[in-house]
Amino acid sequence: MEQTTKSVNTKAIDFRYLLKYSGYFAFFIVALFFAIQSSTFLTPKNIINLLVQSSPLGIVACGMASVLIGGGNHVIRGGIDLSLGNNLALNVAVTAVLINGGSSFIAAFGIAFLCSVLIGIINAFAIVKLKIIPLLGTLSMMYLLQGIILLVSNNKVVSVNDPILIFIANNAFIGLPIPIWIFTFVGLIFYVVHHQSVFGNWVYAVGGNPLAARTAGINVSKALTLTYVMAAITAAIASILVTARLSGSVPGVGDIMLLDIMLAGLMSAIFSRLSVPNIPGAILSAIFVGMLSNGFTLINVPTYWVYAIKGALILAAVSITTAQQRRMIRNV
Amino acid sequence: MLEMVNINKSFPGVRALQDVTFQLRDGEIHGLIGENGAGKSTLMKILAGIYHHDHGEIRFQGSKQGRWTARVIERLGIQFIHQERHVVPYLTVAESLFLGIEPTYSPLKLINRRNLEKQASKVLQEKVGLVVEGNKLVGELTVGEQQLVQICRALLQNPKVIVFDEPTAVLAKREANRLFEIIRELQKNKIAIIYISHYFGEIIDICDRITVLRNGQKVDTVGIEGLTIEDMVQMTVGREIVDQFSEKNQSTDEVLLEVKDLTHKTDFRHVDFSVRKGEIVGITGLMGSGHTSLGMSIYDHYGVVNGVVQLEGKPLGRLKPEGAIAKGIGYVPEDRRNLGIVQDLSVRENITLASLKRVSRGSVINQKAEKQKVASLIERLAIRTPNQEEPVNFLSGGNQQKVVISKWLSSGAKLYILNQPTAAVDVGAKAEIYSLIHELAKEGAGILLISQDLQELVGLSNRILVMFRGEIIDELEGSNVTTDQVLVSMMGGEQNGTDDKIS
Amino acid sequence: MSKPIMKTTVQTGNWVKNGVDVTRYTTVIALIGVTILFSLISPSFFTATNIANIFSQSAILALVAIGLCFVVASGGIDLSVAVSFDLGAMTAIMALQAGMGWIPAILLGLLAGAIIGLFNGFFVVKLNITPFLVTLATLFIGESVQKIFTKGGEPIFLTGMDEMYKFLGRGSALLIYTADGGRIDFKFSIILAVVLAAVAYFILTRTIFGRQLFALGSQKEASYLSGVPVKRYTVYAFVLSGVICAFAGMVGSSVLAAYTPLSGRYYLMDAIGAVFIGSTLNRQGQANISGTLIGVLFFGVLANGLNLVGINFYWQSVARGLLIFLILGLNSYISQKS
Chain A
1 MEQTTKSVNT KAIDFRYLLK YSGYFAFFIV ALFFAIQSST FLTPKNIINL LVQSSPLGIV
61 ACGMASVLIG GGNHVIRGGI DLSLGNNLAL NVAVTAVLIN GGSSFIAAFG IAFLCSVLIG
121 IINAFAIVKL KIIPLLGTLS MMYLLQGIIL LVSNNKVVSV NDPILIFIAN NAFIGLPIPI
181 WIFTFVGLIF YVVHHQSVFG NWVYAVGGNP LAARTAGINV SKALTLTYVM AAITAAIASI
241 LVTARLSGSV PGVGDIMLLD IMLAGLMSAI FSRLSVPNIP GAILSAIFVG MLSNGFTLIN
301 VPTYWVYAIK GALILAAVSI TTAQQRRMIR NV
Chain B
333 MLEMVNINKS FPGVRALQDV TFQLRDGEIH GLIGENGAGK STLMKILAGI YHHDHGEIRF
393 QGSKQGRWTA RVIERLGIQF IHQERHVVPY LTVAESLFLG IEPTYSPLKL INRRNLEKQA
453 SKVLQEKVGL VVEGNKLVGE LTVGEQQLVQ ICRALLQNPK VIVFDEPTAV LAKREANRLF
513 EIIRELQKNK IAIIYISHYF GEIIDICDRI TVLRNGQKVD TVGIEGLTIE DMVQMTVGRE
573 IVDQFSEKNQ STDEVLLEVK DLTHKTDFRH VDFSVRKGEI VGITGLMGSG HTSLGMSIYD
633 HYGVVNGVVQ LEGKPLGRLK PEGAIAKGIG YVPEDRRNLG IVQDLSVREN ITLASLKRVS
693 RGSVINQKAE KQKVASLIER LAIRTPNQEE PVNFLSGGNQ QKVVISKWLS SGAKLYILNQ
753 PTAAVDVGAK AEIYSLIHEL AKEGAGILLI SQDLQELVGL SNRILVMFRG EIIDELEGSN
813 VTTDQVLVSM MGGEQNGTDD KIS
Chain C
836 MSKPIMKTTV QTGNWVKNGV DVTRYTTVIA LIGVTILFSL ISPSFFTATN IANIFSQSAI
896 LALVAIGLCF VVASGGIDLS VAVSFDLGAM TAIMALQAGM GWIPAILLGL LAGAIIGLFN
956 GFFVVKLNIT PFLVTLATLF IGESVQKIFT KGGEPIFLTG MDEMYKFLGR GSALLIYTAD
1016 GGRIDFKFSI ILAVVLAAVA YFILTRTIFG RQLFALGSQK EASYLSGVPV KRYTVYAFVL
1076 SGVICAFAGM VGSSVLAAYT PLSGRYYLMD AIGAVFIGST LNRQGQANIS GTLIGVLFFG
1136 VLANGLNLVG INFYWQSVAR GLLIFLILGL NSYISQKS
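For the protein sequence lines, the chains are A, B and C, in the order given. Position 111 of the first sequence, counted from 1, bears residue number 111 in the numbering used here, the numbering being contiguous throughout. Position 328 of the second sequence, counted from 1, bears residue number 660 in the numbering used here, the numbering being contiguous throughout. Position 61 of the third sequence, counted from 1, bears residue number 896 in the numbering used here, the numbering being contiguous throughout.
It should be emphasised that the hints constitute simulated quantities derived from the structure, not laboratory data. Given the structure is predicted, the values throughout are model-derived calculations rather than measurements. Mixed in with the good hints, there may be bad ones.
To be verified - Here are the computed lysine-lysine pairs in the DSSO-like style, where the Cα-Cα straight-line distance is at most 30 Å:
id, chain 1, residue 1, chain 2, residue 2
1, B, 468, B, 441
2, B, 580, B, 597
3, C, 961, B, 659
4, A, 131, B, 659
5, C, 1055, B, 703
As the list claims (entries may be wrong) - Pairwise CB distance ranges (calculated):
id, chain 1, residue 1, chain 2, residue 2, range
6, C, 1146, B, 718, 46 to 56 Å
7, B, 650, C, 936, 43 to 53 Å
8, C, 988, B, 634, 24 to 34 Å
9, C, 1168, B, 391, 34 to 44 Å
10, B, 659, C, 963, 19 to 29 Å
11, C, 963, B, 391, 48 to 58 Å
12, A, 25, C, 963, 14 to 24 Å
13, B, 716, C, 1011, 56 to 66 Å
14, C, 1117, A, 25, 42 to 52 Å
Don't be surprised by glycine CBs; every beta carbon is placed ideally from N, CA and C.
Turn these sequences into a full structure, and let the hints guide you.
Here it is, written out as structure tokens:
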């Protein structure tokens, strides 16, 4: 009896070791597949291209992960910010319209940035003070922003021709395009804040058990408020990259990005031993999503198919990690 | 050193506290007892700054305190060990030990994780004698270990007063004993302790004085010398409870449940026993002996690798609860709040959840029949609720437990598996639940009583099975069994000098 | 330890009268308020003709929201209602195009919805993945499938559509010509929505399945221990959602006499909004049919009224968002106060 339990145990440990890296494993397999199928996939140029394409999503995914961490994992009552996509789009529109109206980039973006922060604060107020469930609170914010974007942009493409935006879109620093630097910078800050700082622990505690956090003397409302504001700020930062890439504002950009943002945020959990959302996971998920689009284009998969394969692959990747999730539920 | 004078507190429609004065002396262990709703928790929530009192004042070391806020409380050194285990399962031991009081190494408040973990396991060993790796997850610890982490967290803040709220409700005897040692140690270090518990035995063991509350008023504060459990019961209830346990029934000869060679993949093995109709069989053991998961395994076959369970001679096979209920088994789980009741549903919906077919035509619920049935059960069990539609989470613990039990009365169970049925239930409700269990047995139901409360085991059971390291090692029968006998038997395997923890 | 049992009839102030909790009805009051406001501003708002319009325009959203209600009641969420909607329509229209009768076409459409529901249910129940992710992936896959079948999103127009199929969305249940030449047209789809709402209401409140669905939505483990077939019912909820939304899609395609790819997304967020606004009407915040219908009507009245009042389309969106935000805020504020 002793003997058998022991051997089962060692197996379990090995299995767990595998699972811990299952997210990375899936990532690697997909990358390998593209590398074999297309000779250009692994070229430095393409990798840089891929990273540039993933930068805006990756930045907002960090913000979404913040909200998910602080809000806990309940399907309906858990943390989520559905307004992030349109927050970003509003920023793009405001920046573009102001620049066309004669403002400097700095002034235009400054105003847009303040809008974002305000949106974050209002979201937080609705959720923390008014106790509206995040799903509903941020959904109504999304509706509101949709309207404001229409008003600001007149539902038209607004092209801008600003030197700073052109610089961001076209220049590189030590061989890497500027969007990648911004992505790296934001990612690092979020990593440090959530995984290497006291505040990060607090946010995990708030998401895991708000009551426990409160009794430990943590200001739960403040921590939650900060997550929503931080998320809003990521939307503002990402908007620079989107404005630069699109050379202006295009209607509907927010609605398109929202689902990818949710996806990257939620999928981040598969890159964690404990299946909780996390920053490195969010960054990798964003790159994963970018890699799928990039890779399928390279191997000439018709664009119609891309989303189907994307969806199926995501399900597969997420499915791998579920055995581990189930064990955690037993333990907790 | 701490005085709460003439505290008053009202909630809409209820006067929760009326002129309650509570004095805590330097370095004493002060028991605080009373039924649920007597005002203990309200008083402590005022002390914790969660509620604010309407009238009265709080003095600390003689000086009157103005605003009694969380910050002031923390500065004065009052710490709370809460009854609900406030843990975040996916934080590490180190993270939760230092949660909110992290030693920081830079103005950016960065964490040196490795250092923190090392420090955590050192501190835990020094202060509470817990040997554990700092990077282990809190969710992987036992309940007792989680509590030790909480206590250690309190100690790190140099407390002068520590409030323990029902600390032993979820602990095994052995873990409880370790806790008592720690509490006595704290007393030696001049820390005053407020100790809230429904277990009067342990109050007598460790407290110096007690304060009794009843219906929001203070009954008395007395020294513990010469006090008996009966005295304390009388003070809390306000009347004498003659005997919590009535005379035992004579069980029939008909075998109801037969368990043969039941083996679980990790928790227990080769378990054989039977329960007859009208019989109450107690099962106990040290924490981790397998007795708690045995109940669950009989009910839903979870983790069973071998063996047979028969009800009235027919094998149950691999049943989900759905099937077990249809065959006449009812299970009262240990974790009442999360597994016993469905919090968002009303009292009525909870009571009939497992027996909807009995009040339905086809799959359509007959609302009139349902209401009648619930009304009769509420009356029979004396469940205190304003009406049937009250959300069940507004009820007190004892009444919630009655709702859980009436769920199985409603489904017409023949066999009741009760897992810690009176944990964190007050004296009054406890007595009612005991008499109910008794009544059920009298009506011919079989009862499997899994419990850590030796008093109730001995008082209720016709037979007591003792488990140790996953096996039944002893069977105590007859009306003369004493708690001491059970305790000795529980420790049984220890005489061989082995560790009782099974991995 | 117990918190003191609040006696709900005493002392909770003005908000509670005769045991009816007024705080829960902010949305209803807001709906009435908005209706009165529009009636005052625009004389053509509160007319039989326009009311018939509002109801007719709301019928499809009502169907989608009712479908979603089942999943939300079970404690999940279904973002793939959008593709159930689309694929239901696509299948039925393609079947009609291939010369099938309206009955087999509708059945095939419903089957498509059921398959989507089963797919979701499988991943949620068997692999224990959060419904958010599963249904999001389904949404991606479903939209892609539509593009593949339609060569990138070309609508499929039906010429000579089956009369019965046409009746689903375009037929009138009650058509009155007024003396001054007005048309009061209550569409048949209203009846479909009302009947389905009644059936769904009955299932959710009066049957064992409905009761146990709410139980598992509130506390899965406790429900399991009380004999609720948790997994089976979760799958049922997704299947019901898929089937009902597929039906909604067919009604939609009947209105347009065409299948337009990716049109389901248009209803997704509004359906979620309607269900959750509706859930504020329930004491425990559970999804419920009557609340959901109120939510749907609210969206319908706003869209119609803002249009009639002559507010420009862009401002309409802002006004709509702002109103929803304010009402939810007010609702929470009032219920916290009491």
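Each hint, compared with the structure:
{"no.": "1", "hint": "468/B <-> 441/B", "in the structure": "holds, 23 Å"}
{"no.": "2", "hint": "580/B <-> 597/B", "in the structure": "violated, 36 Å"}
{"no.": "3", "hint": "961/C <-> 659/B", "in the structure": "holds, 27 Å"}
{"no.": "4", "hint": "131/A <-> 659/B", "in the structure": "violated, 44 Å"}
{"no.": "5", "hint": "1055/C <-> 703/B", "in the structure": "holds, 24 Å"}
{"no.": "6", "hint": "1146/C <-> 718/B: 46 to 56 Å", "in the structure": "holds, 48 Å"}
{"no.": "7", "hint": "650/B <-> 936/C: 43 to 53 Å", "in the structure": "holds, 46 Å"}
{"no.": "8", "hint": "988/C <-> 634/B: 24 to 34 Å", "in the structure": "violated, 50 Å"}
{"no.": "9", "hint": "1168/C <-> 391/B: 34 to 44 Å", "in the structure": "holds, 38 Å"}
{"no.": "10", "hint": "659/B <-> 963/C: 19 to 29 Å", "in the structure": "holds, 28 Å"}
{"no.": "11", "hint": "963/C <-> 391/B: 48 to 58 Å", "in the structure": "holds, 54 Å"}
{"no.": "12", "hint": "25/A <-> 963/C: 14 to 24 Å", "in the structure": "holds, 19 Å"}
{"no.": "13", "hint": "716/B <-> 1011/C: 56 to 66 Å", "in the structure": "holds, 58 Å"}
{"no.": "14", "hint": "1117/C <-> 25/A: 42 to 52 Å", "in the structure": "holds, 44 Å"}
When held up to the earlier numbered hints, the structure conflicts with 2, 4, 8 and fits the remainder.
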